[in-house]
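Here the protein sequences come in this chain order: P and G.
All residue numbers for the first sequence refer to our numbering, where the first residue is 1 and numbers rise by one.
All residue numbers for the second sequence refer to our numbering, where the first residue is 1 and numbers rise by one.
Everything labelled a hint here was simulated from the structure, so no lab data went into it.
Even for Gly, the Cβ is constructed at its ideal location relative to N, Cα and C.
Just to be clear, a hint being listed does not mean it is correct.
To be verified - Chain P is nowhere near these chain G residues, computed Cβ spacing over 10 Å in every case:
hint, residue
1, Ile-10
2, Asp-22
3, Asp-23
4, Thr-55
5, Asp-64
6, Pro-69
7, Gln-73
8, His-102
9, Ser-121
10, Met-148
11, Glu-149
12, Lys-153
13, Pro-166
14, Phe-184
15, Lys-241
16, Asp-244
Said to hold, decoys possible - Quick look at which bits of chain P chain G covers, simulated, 3 or more residues with Cβ under 8 Å:
hint, stretch
17, 3-16
18, 71-84
19, 113-123
20, 157-169
21, 202-216
22, 232-245
Said to hold, decoys possible - Simulated crosslink set (PhoX-like; lysine-lysine; CA at most 25 Å straight-line):
hint, chain 1, residue 1, chain 2, residue 2
23, P, Lys-191, G, Lys-19
24, G, Lys-191, G, Lys-26
25, G, Lys-233, P, Lys-34
26, G, Lys-251, G, Lys-223
27, G, Lys-201, P, Lys-80
28, P, Lys-233, G, Lys-34
29, G, Lys-251, G, Lys-93
30, P, Lys-223, G, Lys-233
31, P, Lys-19, G, Lys-191
32, G, Lys-201, P, Lys-223
33, G, Lys-251, G, Lys-233
34, P, Lys-191, G, Lys-80
35, G, Lys-191, P, Lys-223
36, G, Lys-153, P, Lys-251
37, G, Lys-191, P, Lys-191
38, P, Lys-80, G, Lys-80
39, G, Lys-80, P, Lys-201
Number of protein chains: 2
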Amino acid sequence: MTGVSEIRVIGIGGIPLIKRDDDLGKLICDAAEKQDTPILDRDIIVVTQKIVSKTEGRLVRLKDVAVSPFSRQAAQDLRKCPQLVEVILGEAKSIVRMVGGHLITETRDGWICANSGVDRSNVSGGDVVTLLPVDSDGSAIRIRERIMELTGKQVAVIITDTFGRPFRLGHVDICIGVSGISPFLDLRGEKDLFGYVMRVKRAAIGDELASAAELVMGNTREKTPAAIIRGYKYSIDESAKASDIIMPMEKNLFR
Amino acid sequence: MTGVSEIRVIGIGGIPLIKRDDDLGKLICDAAEKQDTPILDRDIIVVTQKIVSKTEGRLVRLKDVAVSPFSRQAAQDLRKCPQLVEVILGEAKSIVRMVGGHLITETRDGWICANSGVDRSNVSGGDVVTLLPVDSDGSAIRIRERIMELTGKQVAVIITDTFGRPFRLGHVDICIGVSGISPFLDLRGEKDLFGYVMRVKRAAIGDELASAAELVMGNTREKTPAAIIRGYKYSIDESAKASDIIMPMEKNLFR
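Could you build the full structure based on these sequences and the hints that come with them?
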């Protein structure tokens with residue numbers, strides 16, 4: 001198989017339920033060891049937002065939330081829980097669409113997504129929701145440093161969330177935080193087979209790696225909330241930020 | 001590694017330059033054999049649109065194109081080649097955005113994408129463009145049947161293209177045709193770890209598999225225009241259609 005381009009996507013199971021201030025980097029390394037797929041040089045470690053948010057204490061109990069008049073009215077229009085709408089709007093810097101039960105917002109970080117990324121699934125107690133990490137790129141840096149410290153291996157880290165898409169049904173995992181790897185592979189200026197210079201193509205590999213990892217993390221994410229991507233060739237980029245993916249307003253045709 | 005969830009994504013290199021009426025299924029099987037990764041039962045074969053379009057003769061020489069007054073005016077506004085705009089609009093059933101050099105259309109199949117999927121790269125002669133297959137689900141069926149006939153293996157086929165996304169910079173590969181595998185893994189109604197019934201999540205695995213494959217196909221797609229995804233568990237779905245991904249107008253918040 002010399003010269004064959006191949007990557008492996010390996011789910012990391014057996015990570016215990018995560019509590020605030022857990023040492024996530026260590027739990028990931030230990031779980032990878034335990035299942036006999038220890039972390040190697042150049043692995044990309046993909047981690048779902050949910051467990052990152054939990055270690056960072058980004059949880060809100062809905063019954064403790066005071067609801068503003070605006071959120072109460074919006075909740076009525078959307079037929080959503082008023083406390084939930086309050087939390088969603090508290091995480092937003094603008095409302096992109098609020099119609100037909102859908103609340104699409106721009107998060108304080110600049111992501112455009114449903115419900116500011118506030119989520120009810122895989123949290124104990126029906127009344128608790130998770131928020132996105134305050135700074136997912138920062139979270140990725142901390143997890144990467146910890147894994148590199150524990151293993152002595154050079155790795156990259158990607159933090160993922162599940163987003164819907166305009167125009168296409170269903171959800172895919174995308175990246176909201178990176179460390180050590182650029183979210184883009186820029187092909188602009190490269191020549192194709194026939195010498196044509198590509199003017200547009202910049203592959204959003206951060207999002208593609210996130211989607212690849214979702215295929216092994218699947219449904220019961222709490223049981224497989226992380227994955228290793230092995231064999232993907234990338235350049236180490238110490239200053240990479242997932243937030244570079246956010247489309248600037250002037251380029252946004254669909255806002 | 002018992003119980004570890006793992007998938008492999010294997011690029012299929014060595015496929016010769018594709019001409020009209022080439023036996024694509026056979027070329028893929030032969031190339032997979034030759035690089036010592038023959039197709040196995042339950043493999044998912046991912047094929048880029050470009051080589052499918054070429055076998056189907058979906059090529060247009062721009063200098064042969066007669067330009068309508070509307071296309072000429074649009075081309076001037078967009079600062080694009082008038083013949084190219086004529087071809088793009090000929091493939092469209094509506095214009096979604098036409099602003100600042102961008103022409104986002106709804107293709108006759110219903111995909112919303114830049115330039116109706118008309119593309120200049122990796123075609124010989126700077127003057128020739130490729131169009132999307134007329135019926136990508138039908139193309140996937142034919143390729144799948146041929147591969148199953150030649151190998152005796154049960155496989156699924158996904159045809160991919162590279163799309164931009166509203167709100168996020170860069171491009172990802174998504175699926176425009178499938179055969180044998182549903183483009184969705186529907187998790188609605190499933191319970192999470194804590195018994196919470198998920199109401200929304202439907203993973204667009206067709207798109208995620210396409211994105212995973214792009215990671216090994218990469219830049220010089222003509223050299224690695226297909227990939228095998230091995231180890232992903234799926235149910236065979238003989239009536240699956242990628243076109244089910246298209247968001248109906250009434251659900252579309254961003255049209």
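Practice task
Just double-check Pro-166(G) for me: nearest Cβ-Cβ distance to chain P has to come out over 10 Å.
Solution key: 4 Å, violated
Problem - Satisfaction of hint between Lys-80(P) and Lys-201(G), Cα-Cα up to 25 Å - result: 17 Å, holds
Exercise for the section: Verify the proposed pairing of Lys-191(G) with Lys-26(G), using a straight-line Cα cut of 25 Å. Expected result: 43 Å, violated
Handout entry: Within 8 Å of chain G (C-beta), three or more residues of the stretch 71-84 of chain P
Key = violated (count 0)
Problem - Whether chain G covers the stretch 157-169 of chain P (at least 3 residues having a Cβ closer than 8 Å to its Cβ atoms) - result: holds (count 6)
Problem - Pair hint outcome, Lys-251(G) versus Lys-93(G) [Cα-Cα no greater than 25 Å] - result: Since the Cα atoms of Lys-251(G) and Lys-93(G) sit roughly 19 Å apart, the hinted pair holds (cutoff 25 Å).
Practice task
With a cut-off of 25 Å on the C-alpha distance, tell me whether Lys-251(G) and Lys-233(G) pass.
Solution key: Violated, at roughly 30 Å.
Practice task
Below or equal to 25 Å on CA atoms is what counts here, so check Lys-191(G) against Lys-191(P).
Solution key: Between Lys-191(G) and Lys-191(P) the Cα gap is close to 49 Å, so the pair fails against 25 Å, i.e. violated.
Exercise for the section: Would you check the hint for Lys-233(P) and Lys-34(G), treating anything up to 25 Å between C-alpha atoms as holding? Expected result: Distance ~23 Å between Lys-233(P) and Lys-34(G) Cα, so the pair holds.
Practice task
Given the hint that Lys-191(G) pairs with Lys-223(P), test it: the Cα-Cα distance must not exceed 25 Å.
Solution key: 13 Å, holds
Practice task
Test the statement that Glu-149(G) is away from the interface with chain P: the closest C-beta pair must be farther apart than 10 Å.
Solution key: Given that every Cβ of chain P is farther than 10 Å from that of Glu-149(G), nearest at about 25 Å, it holds.
Exercise for the section: Would you check chain G against the stretch 202-216 of chain P, counting CB to CB pairs closer than 8 Å, and say if three or more residues qualify? Expected result: holds (count 12)
Hint violations for this structure: numbers 1, 8, 9, 13, 14, 16, 18, 24, 26, 33, 36, 37 and 38, all remaining hints satisfied.
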